[in-house]
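Enquirer: For this one, chain A is given, so just place chains B and C on it according to the hints.
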Amino acid sequence: MPLLEIRNLSVDFATASGRFRAVDGVDVTVEPGDLMAIVGESGSGKSVSMLALMGLLPWTATVTADKMEFDGQDLRSLSARAKRQIIGRDISMIFQEPMSSLNPCFTVGFQIKESLKLHTSLDRRQRQDRAVELLELVGIPDPAKRLNAFPHQLSGGMSQRAMIAIALACQPKLLIADEPTTALDVTIQAQILELLTGLQQTAGMAMILITHDMGVVAETVRRVSVQYAGQKVEEQPVEDLFDDPHHPYTAALLAALPERATGKHLPTIKGVVPGQFDRPQGCLFSPRCAFADERCRTIVPPRQPQALGQALCHYPLIDGVPQKSQEVTA
Amino acid sequence: MADASSQIARTVATAPPGPFREFWSSFKENRGAVIGLVIFASFLLIAIAAPLLAPYTPNAQFRDHLLQPPVWEAGGSWQFPLGTDPLGRDMLSRLLYGARFSFLIGLVVVGIASFFGVVIGVLAGFAPRWGDTLIMRVMDIVLSFPSLLLALVLVAILGPSLINAMIAISIVLQPHFVRLTRAAVLSERGRDYVTAARVAGAGPIRIMFRTVLPNCLGPIIVQAALSFSTAVLDAAALGFLGMGAQPPTPEWGTMLAEAREFILRAWWVVTFPGLCILVTVLAINLMGDGLRDALDPKLKRS
Amino acid sequence: MSTANPSGTSPETGPTTGPILTASHLTRHYEIGGGAFKKPAVVRALNGASFTLTPGRTLAVVGESGCGKSTLARVVTMIEPPTEGELSIGGKLIGPEGASRDRDLRSMVQIVFQDPYGSLNPRQTIGATLMEPLKLNRPEVKAEEREARAREMLELVGLRPEHFERYPHMFSGGQRQRVAVARALMLDPKILVLDEPVSALDLSIQSQILNLLVDLQDRLGLAYLFISHDLSVVRHLADDVMVMYLGRPVEQGPKEDVFAHPRHPYTRSLLSATPVADPRRKRNRIKLEGELPSPLAAPPGCPFNPRCWKATAECREAFPPYEGGVHSYACYHPLDADETMEALADAP
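Quick mapping for you: the protein sequence lines, in order, are chains A, B and C. To convert, count from 1 in the first sequence and add 76; that's our numbering. To convert, count from 1 in the second sequence and add 27; that's our numbering. To convert, count from 1 in the third sequence and add 3; that's our numbering.
Same shape as in the complex, but just chain A (with noise of 0.2 Å):
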């Protein structure tokens, strides 16, 4: 039975000009121990709904899902005291900005303390080893001593460590870890990204790792679910992925990295990500599609089969070359 079971997840946004659709039919399926990552540019909903899966967004959203599972348990039809119990403690999310994700008023240890207040059954005597415990476990040194610590204290990657330590606090099954690197330097990126998939195996708890960042995803995780503009439109294991993408979107996002460039020019994708005001009618990538056609901009494109990495497209691309017979759902 898989850890996290989330079908057909929308929400839409009540803006001052009108209804904007963030997310757009999204499935998320988490094993346990799995290390997936969500992979989108900016607007593609990526990191909104993982927010809606923790009921972190605001009141102008409104959040509709034909599934949302987590653990056996419906998250839809728990009350909000129920789904408080699970959130925080089963399920963790750190975020990109350190600094302001850690309470300034507070220091460090009374903010790990309080996680585990909230959430187990331990004394104050037990808190206090016990999150002695967890910065020792996230790296941070002398760790006694920075459990006094104020967060202005502490360099980025130590408050990202010391993050890591809140959110690991009750041994959660599952960990959302939104771009937790985008704001840190290359080397200390490098440090973050070992400690958390080092843990994630030790503690055996599934994780989904949110970025932009295609090095980031080849270097860190087995499972890659690529979204853009509020879809997902393709699913695939890393290396796969990496190989034979069969989103053109996917595939154009690819070659455009910088790395994989052959001469002075890159291959670029034209255009901008749809906005509220410019959805397109049919596939949501034909404006900026180098393989659309007249079907791809009036009808809305249909999941392809597994062995096709999900791709919800009208003719997927295998080994870069767009199948555009109607017999390929093999």
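Treat the hints with care, since some could be wrong.
To be verified - Straight-line distance between alpha carbons at most 25 Å, and here's what the computed SDA-like set of lysine to any residue pairs gives:
#1 A/Lys221 / A/Leu271
#2 A/Lys340 / C/Ala203
#3 C/Lys42 / B/Arg164
#4 C/Lys313 / C/Pro337
#5 A/Lys340 / C/Lys42
#6 A/Lys340 / C/Thr55
#7 C/Lys42 / C/Ala300
#8 A/Lys346 / C/Ala300
#9 A/Lys346 / C/Leu223
#10 A/Lys340 / C/Gly59
#11 A/Lys346 / C/Pro337
What the hints contain is simulated information worked out from the structure, not anything from laboratory work.
Expert: For chains B and C alone, kept in the frame of chain A given last:
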């Protein structure tokens, strides 16, 4: 690059709403603000059209009708719908003309206070440390006096009159504009577009008033709206204390002062001017809150 | 468009590829904190950078936060004068005392910033933004001509004529960055300082802007000072690379040499830490211990010594001298041939 430009055409085919429409759609979500705006607008119309609306001139005295009650009370008549004051002047006419004074006071005070406040604030924001400190400490000193008391002292020095009252209130209100403008300037000053203007060769005056100031206007407009009500209120208070507009000027605060001995005998002579002040100030504050919600950059999406 | 610049052409900027800008020992210190009774702390944000820029070529400056690359951009753009050292632009010398940016110098160097959302004045139309530099520096140019030039420039960077009257908030990040590039080009500069011009952009937009920059350099013969933390972008665009750490250049040279045969341990670890978009690649990653020191409390000697696996006593005492010729580095224990081969297998 040719392909890039062709797609851009498609992307901007449906343009997002303009800045004003976006402002209006968030402003109108606040119902209180809209009500405030409507009341404010109707007061403004009344102030402009007072001579057309008022049945009499404000100072015309009707000796036969001293302290006549409003029309719905025993003894009232349609000749004086809101009754008359102790000198037999028509309350309605005086109140209508009073709106003119209140608006005049609001406009002049906010105009003077915001002009000097904004200029000083921008200078403080760009001044070297010592200059900034000097300006801000002076403003702190002004702010440390209770505002009405300071205004009273100033009027006492300048001599009681409506003009002097307006000057005094402007001086009292102006530090708020200085602080606000300085804070906004400081946060804008470090942005890249300011550096870009410097690289392009813009001088300090141009950077201050052409580049930075237009981007600080949001909070200043809100402050101006809220100061408008403070000005009306303070002017009424000064008038009530005999330090503002002098009788027989039909200014609301002065009307209150003139009539306060009759408060037990003729409730209308104090109630109506008081109500006018209350409703105007309330309407402006509601509107100002709405403006703040709509203009506050912190709540705004990009 | 015409690239001829009647006022700013000096003998050095002819068709021969002599350097257009020479910087020697550029240093910039800041005093922070300090009040009436406290001595201010000195931050050595930039400490002795020497390099040249050549028309048609790109020098990339690479480093992590606090390495002084943004300070370098500000000094080269003459927003701030250097504390020590000299900058010679097109034959004109700018020393510590001289922030006297005359019009000609200003026209020579322009800058594109990282954040396309912060670098355009929200209250100015795109047209006004583009025309401002001309209006301020060439008041003799007539209004119609100014507008014509701005429209021409809009087209050159791949925007459409109708964008002229629009305000920045109607544009996406990539389009805004095009406007920023267009504004920088309005004065026909010879040198463009690009301060992380693509790091705030999405991958699909990043490649559009990079291509634009390549095209413009080919067409206009611009010299680029390209500041970035992203090694894969640098590798694609740069001709020469300068690696900086805590205000000091630690290694510089032609791109191929630096990437293939890094001599400084920091360069090696930076290359190693950069993620590679190839899941099948197994890498022997160098793990750097510890954090970047604060520029306020830079360690004595080589700034990299607390994190370096080769550091010895002498590294803690004095900053090493620069060695090597075209490919120079500052290290007492440069990587040897074997180690650079390892690095090659590991590089992005």
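Enquirer: Take the hints in turn and mark each one as holding or not.
Expert: Hint-by-hint comparison with the structure:
With a C-alpha separation of about 21 Å, the suggested pair A/Lys221 and A/Leu271 falls inside the 25 Å cut-off, and the hint holds. Of the supplied pair hints, the one linking A/Lys340 and C/Ala203 holds, its CA atoms being roughly 21 Å apart against a limit of 25 Å. The hinted pair formed by C/Lys42 and B/Arg164 meets the criterion: a straight-line CA distance of about 24 Å does not exceed 25 Å. Of the supplied pair hints, the one linking C/Lys313 and C/Pro337 holds, its CA atoms being roughly 9 Å apart against a limit of 25 Å.
With a CA separation close to 51 Å, the supplied pair A/Lys340 and C/Lys42 exceeds the 25 Å bound. With a C-alpha separation of about 23 Å, the suggested pairing of A/Lys340 with C/Thr55 holds against the 25 Å cut-off. Note on C/Lys42 and C/Ala300: the hinted pairing holds, with a Cα-Cα distance of about 15 Å set against a maximum of 25 Å. Our distance criterion of 25 Å between C-alpha atoms is broken by A/Lys346 and C/Ala300, whose separation comes to about 46 Å.
The hinted pair formed by A/Lys346 and C/Leu223 meets the criterion: a straight-line CA distance of about 24 Å does not exceed 25 Å. Between the alpha carbons of A/Lys340 and C/Gly59 the distance comes to roughly 14 Å, so the proposed pair stays at or under 25 Å and holds. Between A/Lys346 and C/Pro337 the alpha-carbon distance is near 44 Å, which puts this suggested pair outside the 25 Å criterion.
Checked against the numbered hints above, the structure breaks hints 5, 8, 11 and satisfies the rest.
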